[in-house]
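Novice: Sequence:
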Amino acid sequence: MGRFARQGVVSLLCLMAGAAARGQALPHSKPLLAGALGGNAIQKLNAEMAQILAQVSPAVVQIRVVGFGLSEGGNRTEAAVVERQHSLGSGIIVDPTGYILTNEHVIHGAQRVSVLLPAVPGTSPSATDSTRRRIFEAKVVGSQPDVDLALLKIEATGLPVLSLERARLPRQGELVLAIGSPSGLDSSVTMGVVSATERQVENAFPMGFIQTDAPINPGNSGGPLVGAEGALLGINAFILTHSGGSEGLGFAIPVETVKFVYESLRKYGRVRRIEVGILSQPVSPELAAGLRLPRDWGVVISDVDPDGAAKAAGVEPGDIIDAFDGQPIYSLAGLMKSVFVHPIEQTVTLKLLHGDETYTLEIQARESSRPADRLGELAMSDKGLVRRLGIIGVDLDDKIRGILPHLRSGLGVVVGARIQEATSADSGLQAGDVIRTLNRTPIDSVETLRKVVRTLKVGEAVALQVEREGKLTYLSFEME
1 MGRFARQGVV SLLCLMAGAA ARGQALPHSK PLLAGALGGN AIQKLNAEMA
51 QILAQVSPAV VQIRVVGFGL SEGGNRTEAA VVERQHSLGS GIIVDPTGYI
101 LTNEHVIHGA QRVSVLLPAV PGTSPSATDS TRRRIFEAKV VGSQPDVDLA
151 LLKIEATGLP VLSLERARLP RQGELVLAIG SPSGLDSSVT MGVVSATERQ
201 VENAFPMGFI QTDAPINPGN SGGPLVGAEG ALLGINAFIL THSGGSEGLG
251 FAIPVETVKF VYESLRKYGR VRRIEVGILS QPVSPELAAG LRLPRDWGVV
301 ISDVDPDGAA KAAGVEPGDI IDAFDGQPIY SLAGLMKSVF VHPIEQTVTL
351 KLLHGDETYT LEIQARESSR PADRLGELAM SDKGLVRRLG IIGVDLDDKI
401 RGILPHLRSG LGVVVGARIQ EATSADSGLQ AGDVIRTLNR TPIDSVETLR
451 KVVRTLKVGE AVALQVEREG KLTYLSFEME
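Counting along the sequence shown from 1, when you hit position 298 you're at 298 in our numbering, and nothing is skipped either side.
Any given hint might turn out to be false.
Claimed, not checked - Computed cross-link-like contacts, DSBU-like style, restricted to lysine-lysine with a CA-CA straight-line distance of at most 35 Å:
| id | residue 1 | residue 2 |
| --- | --- | --- |
| 1 | 311 | 267 |
| 2 | 451 | 471 |
| 3 | 383 | 153 |
| 4 | 267 | 383 |
| 5 | 139 | 153 |
| 6 | 259 | 399 |
| 7 | 311 | 351 |
| 8 | 471 | 351 |
| 9 | 267 | 139 |
| 10 | 311 | 383 |
| 11 | 259 | 44 |
| 12 | 259 | 351 |
| 13 | 383 | 457 |
| 14 | 471 | 399 |
| 15 | 399 | 153 |
| 16 | 139 | 399 |
| 17 | 471 | 457 |
These are computed hints drawn from the structure, not numbers from a lab.
Kindly generate the complete structure, drawing on both the sequences and the hints.
Specialist: See below:
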């Protein structure tokens with residue numbers, strides 16, 4: 001499938017294909033097919049599903065990507081082998097003038113992106129040229145690797161859209177449809193339910209996802225997850241799997257995040273967001289007992305940036321975040337989403353619990369200037385791919401030194417972005433880390449890192465010396 005259609009334990013391959021026939025019973029005591037609702041109800045359900053598909057599928061496109069990636073056989077030679085690769089994904093038309101949302105991993109490292117519009121049966125002779133045409137070259141307006149979203153633009157007008165204005169939040173247990181191009185089969189539709197509305201998949205990435213039980217197949221990435229009335233709930237992103245196939249653990253990016261990223265990418269070409277200046281973590285019963293916190297659930301502030309806006313407003317470590325901008329905070333994923341989608345020009349309202357006291361603070365949060373955001377932009381090319389470590393590395397040069405001005409040495413490889421594949425070791429590396437040595441061998445370039453990694457056998461111990469935020473540390477693991 002090439003480098004763009006990711007596969008493995010956490011597969012960014014692509015999404016949402018069929019859990020239509022599981023035989024679950026409805027809230028009534030008798031199953032649907034046993035006639036609890038009657039034949040008319042079944043016919044009505046069929047008609048409504050078909051109507052939703054007719055409304056949504058014209059705005060779901062197939063995305064074809066051509067780029068260069070590391071050959072699967074490249075690790076058997078002394079030099080890396082780069083080859084031309086092709087991949088498929090899905091996208092959503094969100095504006096009739098040709099703006100299309102998809103996953104960042106679908107177009108990552110692309111040399112050329114084209115968009116295939118779905119067929120329009122019985123197109124009238126009066127149709128415009130842009131509606132008759134089916135294949136368009138696309139330009140990448142901008143992307144945000146952190147949340148795996150990208151915005152494309154094609155030169156067309158009068159296109160059908162899936163409106164972001166009608167988008168809404170999902171509800172646990174509700175019926176959902178996923179539409180996309182699994183294995184290149186455009187306009188495929190599958191059905192499932194929302195398993196969870198705010199699932200944190202891994203601690204290293206605390207943003208919340210919509211979890212659904214619908215099986216997922218390669219080519220669905222970037223396609224929509226819609227509710228039973230056709231409203232957009234999210235954009236399908238990845239699956240969790242041990243077999244390489246669907247196991248009913250699919251995840252979609254929530255529409256709140258989608259709308260925020262779309263508006264920012266369209267207006268600025270990049271995502272502008274705030275930083276409050278706090279470090280938070282989930283509250284556990286043990287932590288609550290040890291710190292004598294007023295509740296044993298939620299999110300507690302573990303650190304406050306001495307130069308940040310929260311410190312200036314009076315926030316202290318040990319405070320529990322009760323609400324952010326008036327929205328109750330129950331989990332770290334919920335807090336991260338609220339911070340991410342907060343407009344940069346607006347004041348943050350933070351409701352905190354301090355012992356038995358509750359107080360509310362207004363914080364003038366500044367715009368984020370995290371080095372990881374800029375590193376992600378520099379890691380768009382696959383020339384830095386080190387697949388067995390699960391990273392895209394970037395050689396140290398003057399541009400990188402400008403982003404990371406306090407590096408302790410002029411040598412090393414910067415982790416520009418992480419990738420998620422079954423063949424990648426669980427190294428613990430993060431974006432912004434600088435790899436100094438591997439098993440005591442100095443690393444002065446991505447090519448050197450690749451050569452050293454190629455000599456490692458499966459199961460062999462690996463010790464990386466890494467500079468992280470100005471401090472040296474060791475990361476150890478077994479090579480996979």
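Novice: Hint by hint, say whether it matches the structure.
Specialist: Each hint tested on the structure:
1. At roughly 31 Å between alpha-carbon atoms, residue 311 and residue 267 fall within 35 Å of each other, so this suggested pair holds.
2. Of the supplied pair hints, the one linking residue 451 and residue 471 holds, its CA atoms being roughly 26 Å apart against a limit of 35 Å.
3. For the suggested pair residue 383 and residue 153, the alpha carbons sit about 25 Å apart, so the restraint of at most 35 Å is met.
4. With a C-alpha separation of about 29 Å, the suggested pair residue 267 and residue 383 falls inside the 35 Å cut-off, and the hint holds.
5. Among the hinted pairs, residue 139 with residue 153 is consistent with the structure: their alpha-carbon atoms are about 5 Å apart, no more than 35 Å.
6. Our distance criterion of 35 Å between C-alpha atoms is met by residue 259 and residue 399, whose separation comes to about 31 Å.
7. A C-alpha spacing of about 15 Å is found between residue 311 and residue 351, which places the hinted pair at or below 35 Å, so the restraint holds.
8. For the hint linking residue 471 to residue 351, the alpha-carbon distance of about 34 Å falls within 35 Å, and the restraint holds.
9. Taking the CA atoms of residue 267 and residue 139, the gap is about 15 Å. The hint holds against a cut of 35 Å.
10. Between residue 311 and residue 383, the direct Cα distance comes to roughly 41 Å. Violation of the 35 Å bound is thereby established for this hinted pair.
11. Using a Cα cut-off of 35 Å, the hinted pair residue 259 and residue 44 holds, with the two alpha carbons roughly 32 Å apart.
12. Using a Cα cut-off of 35 Å, the hinted pair residue 259 and residue 351 holds, with the two alpha carbons roughly 25 Å apart.
13. Of the supplied pair hints, the one linking residue 383 and residue 457 holds, its CA atoms being roughly 23 Å apart against a limit of 35 Å.
14. Under the criterion of a C-alpha separation no larger than 35 Å, the hint pairing residue 471 with residue 399 is consistent with the structure, at around 21 Å.
15. Among the hinted pairs, residue 399 with residue 153 is consistent with the structure: their alpha-carbon atoms are about 28 Å apart, no more than 35 Å.
16. For the given pair, residue 139 sits about 25 Å from residue 399 by alpha-carbon distance, which is consistent with the 35 Å threshold.
17. The hinted pair formed by residue 471 and residue 457 meets the criterion: a straight-line CA distance of about 29 Å does not exceed 35 Å.
Hint check: a violation occurs at hint 10 only; the rest are consistent with the structure.
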